[in-house]
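As they're listed, the protein sequences go chains A and B.
Here the first sequence stands for residues 980 to 1909, where the numbers follow the working numbering.
Here the second sequence stands for residues 49 to 224, where the numbers follow the working numbering.
No lab work stands behind these hints: they were computed from the structure.
By construction, the Cβ of each residue, glycine as well, lies at the ideal position given by its N, Cα and C atoms.
Watch out, some of these pointers could steer you wrong.
Claimed, not checked - Listed next, the in silico SDA-like pairs over lysine to any residue satisfying Cα-Cα at most 25 Å (straight line): (1) Lys154/B <-> Ser1057/A; (2) Lys1603/A <-> Pro1312/A; (3) Lys154/B <-> Pro1312/A.
Claimed, not checked - Some but not every residue of chain B turned toward chain A, in silico, with C-beta under 8 Å: (4) Met123; (5) Leu126; (6) Lys154; (7) Ala156; (8) Ala160; (9) Gln175; (10) Ala221.
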Amino acid sequence: MEATPTLRDLFEQALALPPAERARLLDRHCADPARRAELERMLAADANDDDLPGAGDAMDAAQVIGEAETTESLPAGSRIGPFELLEVLGEGGSSTVFRAFRELQDVRQYVAVKLLARGLYTDESRRRFRHEREALARLRHPGIARLIEGGVADNGLAYIALELIDGAPITRHAQEHDLPGRERLLLFLQVCRAVESAHRALIVHRDLKPSNVLVNADGEVKLLDFGIAKLLDDGEDATRTRHQALTPAYAAPEQFTPGAITTATDVYALGILLRELLTDERAAPGMMHAPSLRMTGNDASPPAEPTAIPTAKPAAKRLRGDLANIVAKATEPEPERRYGSAGALAEDIERHLDRLPVRAHPPSRWYRAGKFVARHRGGVALTAALLLAIFVSLSAALWQAHEARQQAWLARQQATRANMVRDFLESVFESARARLPRDQRPTPEDLVKQSAADLMARNGLPQALRADLLLTLARVAHSVGSNDQAMQLLDSSAPIIQRLYGPTDAQWWDIRVLRGMVLEDQAHYPEVLRLLQPLRTGLLARRDPVAIDGLVTLGNALLYSGRVDEGLATLAEARVIATQQRLPDAQLTASIDEASALLDAEHFRAGLARADATLALWRSRGAKPDARIVGLYEDIALGAEASGDIGRADFAYRKAIDLGDRFYDKPNPDQAWNVGMYGTFLVAQGRLAEAEPYVQRGLELRRQVFGDDHENTLYALAGMGKLRDAQGRHVEAIDWYTQGIASCQRTGLEELVCPRLLSLRAFSEAAAGRFVAADADIRSALDRQRALGGDGNANFAYPLEKLAAVRLLEHRYADAIAGTDRVLAIYATVKGGMIQRELNTRLIRAQALFALERNADALRELLYIEPKYAAMFPQGADRFTIGALEARALAREHRDAEAALAACKALALVTAPPVDDPRIAELRRLAASR
Amino acid sequence: MSGGEAVSDGATDALFVEVYARLKAMASRQLSGQRRNATLDTTELVHELYLRIGQREELHFREPAQFFAYAARAMRHLLINRARDRLRLRAGGQWNRVTLDDRDLKLAIDTAEQALALDAALDALEQTDARAAKVVELRYFAGLSLEQVAETFGLARRTIDRDWRFARAFIKARMD
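Working from the sequences, and respecting the hints, build out all of it.
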């Protein structure tokens, strides 16, 4: 230690000495002259009691330095690269644009020179700038202002010379010429085509807005600043998570989040631009999807205050029907739900101009219906009216799917087809409506069944359409939990699909993946593996949402089959593909499954990290919570509790329950489970008053959801017993356990919960002094547990631990210690996750050791337990037990000062009015003896 | 746990608001004393905070220290960029239409140089004593009082005072 004091050690030691003696200290410890000089400078600096240099603090310094403006330093006539600047054309947040020229073979070429406001200081940022610039230089399209040159001037200023365009922003042009709607759309088509061509060159604009979309005197559209926003990005600094230039009103939601920027980002901006072009209303700064700002007052509002987009005024007549749908589709918050490309958007507009049906349809019906179904998964009966809504949106989705797959010239044929779908669905609901007395409303199963029968009986339907409808019905059946029906439908559609489609068609994959999902819900894991394992390579190659579903299904089946590593790897692959393909919803699903699987497999650290990443992803999407998120929080809670991260477990439990309360309008299995789990968690934490309502409600919910004799309900009975035990009300506890044990006996249930209830009752009986009964119960518990799962595992340790606790109460200390030895040996073989139980066991052991006057051994256990226990159970009742025992053991060892300290600490834990406990008096005596 | 509780407490919230306002002011054009031309930094910082604050309800800032550390780092970054830009334009030798008067300009340049020196000294301090460096970040950049720093870290005021004394001497010694 003394050999290598740190700089800080020396500094602080020197400060403690009078100045005269400091030199001696340095002589002794600081041979290195440079170090000594540094210390002397530091001591001198310390003596001078002023603040840090640099004008007080950062705020003042920033004010004094001011902002150096590019234009300040560049008057007309300045040169940048080969160009001479003439005048400022415009200034934006990130750059200044000058009109400039150069002499080129005796010809004066006029250009727009754009100077980036920020310098490029590092080699890496310059390299990236050069790279991007080269890509842009290759971008040639009549609708895009050409990049002429770019570079970094000597002083670090980056510049780009662009074709100089003399024109007006597209919106102003349209207004000034009072263009009719059709003309505006034709102009907009030019914009789309130019954007499409850039996208094909893999260049994203990122900052499309009217001032970047000019129309020249010839009525030609010219786009400015393609890819410039990207040039402004710099990756030079790891302290920034994100560095971007954008215009809030036109920026897509993903630009506000850590999500990636893709061509879909431009599609979004095109949608906003189209709306503006058609309505003559400026896009609102900030948009509906931006995260809302909670801070109010205090001047905390940022420049881009989000405001709702004004609803269309009557003047905005042009934005109706198809066009409104087109804008809505282009500006969907989720990138994958927008048009796939600027070209697809253009096509839809052309279809509208040709008076053909468009692909866009009223937004979100299908989506919302899908969400609804997902939420009610597991058999909540749907009303016929709701199902009707689902079917309507299904027909729209079908229609849309077909549209997307077909060429434009098929439009007429498809119109016929759409009519057939509609007729079919109408006929189904006609019959459903005919018998709608309230008590006989058809269940979803009825409706699916009837639809399927109709479908098979109906003549004249094209086979492809029949197959698609059957597949759709199968999907609906699966989503409402009617798996047998789904399987029948898949079987009916299989021959048609087999005949019509091959592995290059989506349907071929749809049916296989859906079959896998149904099989998985039916717990036929070997069959899932047989079906999907051979398709694995194909699924990996397809990379679409269906393929990702397939991989997730396969991954889960592997997990359920005990092939944990393969399953985890497959889920990770699914997640990575979803991420790469920018399919946040699929990414979320895969990520959640992966987190749950990791936690189930007791990879706590990795699982919790994945869970965190998943939550971050979910938040960044601003999506509403759904059942998957509730499940995720539940997994986090269990994983965190098992691995001893109590604060996090507490947070996650509460979050899961809160979300569940908002989410489920009826008693629900997940909610029933979570409420009860949190109750027992609180009991273990010694937070008994808080626990009471959760434990009670958990029991009620489980009785409602699972019935009186279900094992989950029995766990809730055990929870009530534990609560009463913890309150010292052992006789009541015995009653609760007895209820559960009676149920085990009545129903012949052979589950873990039965020996646990016996173990718990044995302990309560011993605590109530009924040792004979306790002995019988604990033996019975051990026998049953051994019959269930052998005697070498963590589950067997449970009754063993209770046995030791009973022996302790019986004052059979040597037996108690032997019992704890066996328990600890078992826990030593389990990888983590048993911390709570281990601490309890060690406490029993310490108490027995103390009773046998093996003070040193007892102290060793106590010192091991104490900090861990305090961290995990800050309010746990046993903290006092541990502290009191520690004080007494120390006193016996005649370590009086330490004993007094420990006694004080233990007494500080006693909050209630003096407990009737002989230990208190002894501790007071010990504490006073200091 | 205790971090989680601290979030909902009013004092942390007030401090949060204060630091946020400070960062925003620092990022904003008013501070530059000039009319226009918010730099890229401004846009970007405001966006980023905007994001984070938007998510605040969900995040619950389990660690207030995390937020302040983030804000301090952002402010540090902003100051350093501003200083670099100031020195870059001078180095370019094109300072021929100056809007600052000469005295202000000299002060601006001196301060920019000092800011860069402080940044470098702080980097060195991080290597020697990471916590002391964090104290400087929160104190100098985020503008927290030493008392607030102590609360944020959950450490005794005495400890933070010692950190600060060491850090200050260390940095001053290197900046001379």
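Hints, verified against the model:
A hinted pair counts as satisfied when its Cα atoms are at most 25 Å apart, and Lys154/B with Ser1057/A qualifies at roughly 23 Å. As the CA atoms of Lys1603/A and Pro1312/A are separated by approximately 13 Å, the hinted pair is consistent with the 25 Å bound. This hinted pair does not check out: Lys154/B and Pro1312/A have alpha carbons roughly 50 Å apart, beyond 25 Å. With a cut of 8 Å, the hint placing Met123/B at the interface with chain A holds, because the nearest CB-to-CB distance is about 5 Å.
At a threshold of 8 Å, the smallest CB-CB gap from Leu126/B to chain A is about 7 Å, leaving the interface hint in force. Residue-level restraint check for Lys154/B is violated (minimum Cβ-Cβ distance to chain A is 11 Å; threshold 8 Å). Below 8 Å, beta-carbon pairs count as interface contacts, and Ala156/B has one with chain A at about 5 Å; its hint therefore holds. Checking Ala160/B against chain A: minimum C-beta separation of about 5 Å stays under 8 Å; hint holds.
Because the closest C-beta pair between Gln175/B and chain A is about 10 Å apart, greater than 8 Å, the hint is violated. The interface hint given for Ala221/B is met, as the beta carbon of that residue sits about 4 Å from the closest beta carbon of chain A, less than 8 Å.
This entry does not satisfy hints 3, 6 and 9, going by the numbered hints stated previously.
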